[in-house]
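**Q** Given the sequences, and given the hints that come with them, work out the whole structure.
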Amino acid sequence: MNKVTIVFDYSVDGHHLEYLNHIYNDCINKESEKFIFIVPEAFKLVSNKLVWPTSQNVKIVFIDSVNFQKFKENGIKRSFYLCQYLKTQIKKYDATDVFLISLMEFMPFLSILINKKTKISGIIYLIYLYRWKGSTMLSKISDAFKYILFSRSGVFKNIFLLNDTVAPIYLNRKFKTSKFKYLPDPFMPLSNTGAVDLRNELNISKEKIVCLHFGALTERKGTLGILQSILEMNPEKAKRYSFIFAGKVSHDIKDVFYSLVDDTSKLTEIIIYDEYVDYDFLGSLCLISNYILIPYKNTEQSSGVISYAAQFKVPVVAPRLGLLGKIIKRNKLGILLDNSSSESIKEFLNNSEDYNFFMNTNYLENNQVSKFVNLIFKE
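Take the sequence shown: its position 166, counting from 1, is numbered 166 in this note's numbering, and each next residue is one higher.
Treat the hints with care, as some may be off.
Stated by the list, open to error - In silico lysine to any residue, SDA-like type, Cα no more than 20 Å apart, as pairs:
#1 179 / 374
#2 206 / 240
#3 208 / 356
#4 49 / 34
#5 3 / 44
#6 91 / 113
#7 146 / 115
#8 208 / 332
#9 237 / 271
#10 313 / 357
#11 116 / 97
#12 30 / 347
#13 77 / 145
#14 34 / 378
#15 157 / 177
#16 378 / 155
#17 59 / 18
#18 116 / 377
#19 44 / 25
#20 371 / 18
#21 237 / 341
#22 70 / 84
Stated by the list, open to error - For each label pair, taking beta carbons as the anchor points, the in silico distance ranges come out as:
#23 280 / 256: 27 to 33 Å
#24 377 / 66: 28 to 34 Å
#25 44 / 256: 46 to 52 Å
#26 273 / 33: 27 to 33 Å
I should point out that these hints are in silico values taken from the structure, not numbers from a laboratory. Where is the CB? At the ideal position from N, CA and C, for every residue including glycine.
**A** Structure below.
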């Protein structure tokens with residue numbers, strides 16, 4: 001039977017679109033295989049940001065609005081609806097394999113609803129090991145149950161843990177399997193040739209320290225904490241900075257975000273790009289930045305931001321906790337705070353001149369797109 005692989009994602013935000021594009025551009029070279037990319041209608045609005053060559057062995061289909069609305073449910077209901085829909089698509093396209101850009105949302109029903117004749121692989125971003133001590137008993141039981149299913153159910157082929165070289169070794173030993181695999185977090189190489197001198201264009205003086213915060217602007221990314229820290233910091237020192245926020249502001253924090261922007265704008269320079277940021281513009285932003293702020297609350301997972309920071313030798317400022325802190329410390333990619341609180345951010349901003357930091361860009365060698373796709377499709 002010919003190999004038919006479904007690549008599925010119900011989001012195209014942030015890294016989701018990039019990962020889809022990396023995999024798509026590798027699939028068009030596998031002419032003996034067939035690939036079905038199942039994505040949301042929103043893909044049509046953002047796909048022009050990247051290149052998607054047409055190919056006879058690759059097809060893009062869109063999730064209908066009725067099912068997509070079901071995917072907005074929370075917890076176990078969403079898992080059921082996702083797996084139920086995936087089951088219909090496997091049958092429709094006679095798929096032999098499935099690759100899920102984000103795996104955990106489908107648990108625990110994958111092993112119940114999907115026939116083990118179809119082999120499922122996917123990516124896990126938030127690794128439970130880094131939050132185990134602070135988890136409730138119910139969360140611990142839920143996490144353990146899911147990983148037992150991963151290790152024992154015949155439907156699972158490869159479980160990729162993003163940007164963590166240690167956890168797969170530990171989990172394979174713990175659950176007596178070889179299914180858990182390391183997967184590098186790939187970066188999109190950005191060229192300086194398309195970059196614009198934004199300091200002049202935005203009229204930012206050379207003396208000012210530019211702090212960039214980009215990507216999806218949400219509560220869990222620490223966006224509001226950055227603004228709150230500006231209100232709490234030394235007013236005289238605040239004048240030394242220019243803060244740039246680039247990316248779509250999440251709907252649930254929009255009102256609070258712009259209220260804080262109004263207040264902080266009286267103390268320092270605040271520049272907002274509430275929109276999807278293309279790669280050339282992102283490169284231009286990185287070129288003028290002194291620091292990239294990533295005070296994330298979910299430190300149990302990696303961040304694609306650190307790869308872009310490394311390309312332009314800009315140190316990130318992040319919590320020292322979890323997997324994120326370990327990656328930054330191990331690879332010398334930035335400055336580590338005690339936690340993601342506005343108090344910790346404020347302390348850094350008040351004393352940034354005291355931090356002497358040497359950037360190590362060797363991190364990029366192991367996080368190339370070619371290594372990412374080669375590991376995904378390695379038999």
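**Q** Assess, step by step, whether the Cα of residue 313 is no farther than 20 Å from the Cα of residue 357, and give holds or violated.
**A** Judged against 20 Å, a Cα distance of about 11 Å means the pair holds.
**Q** For a C-alpha distance cap of 20 Å, please report whether residue 59 and residue 18 respect it.
**A** At roughly 17 Å apart (the allowed maximum being 20 Å), residue 18 and residue 59 satisfy the hint.
**Q** Given the hint that residue 179 pairs with residue 374, test it: the Cα-Cα distance must not exceed 20 Å.
**A** 16 Å, holds
**Q** Would you mind confirming whether the straight-line C-alpha gap from residue 44 to residue 25 stays at or under 20 Å?
**A** OK: residue 44 and residue 25 at ~17 Å, within 20 Å.
**Q** Starting from the range 28 to 34 Å, see whether the pair residue 377 and residue 66 falls in it by beta-carbon distance.
**A** 32 Å, holds
**Q** Against the 20 Å threshold, does the CA-CA distance of residue 30 and residue 347 hold or violate the hint?
**A** 52 Å, violated
**Q** For the pair supplied as a hint, residue 237 and residue 341, confirm whether the alpha-carbon distance does not exceed 20 Å.
**A** Roughly 19 Å separates the two Cα atoms, so the pair holds.
**Q** Does residue 97 sit within 20 Å of residue 116, going by the straight-line distance between their CA atoms?
**A** Measuring from Cα to Cα gives roughly 10 Å; hence the hint holds.
**Q** Please test the hint of 27 to 33 Å on the beta carbon pair from residue 273 and residue 33.
**A** 40 Å, violated
**Q** Do the alpha carbons of residue 3 and residue 44 lie within 20 Å of each other, as the hint requires?
**A** 27 Å, violated
**Q** What's the verdict on residue 206 and residue 240, does the C-alpha distance respect the 20 Å limit or exceed it?
**A** OK: residue 206 and residue 240 at ~10 Å, within 20 Å.
**Q** For the pair supplied as a hint, residue 49 and residue 34, is the alpha-carbon distance within the 20 Å limit?
**A** With Cα atoms ~25 Å apart, residue 49 and residue 34 exceed 20 Å; violated.
Checked against the numbered hints given earlier, this structure breaks hints 4, 5, 8, 12, 25 and 26; the rest are met.
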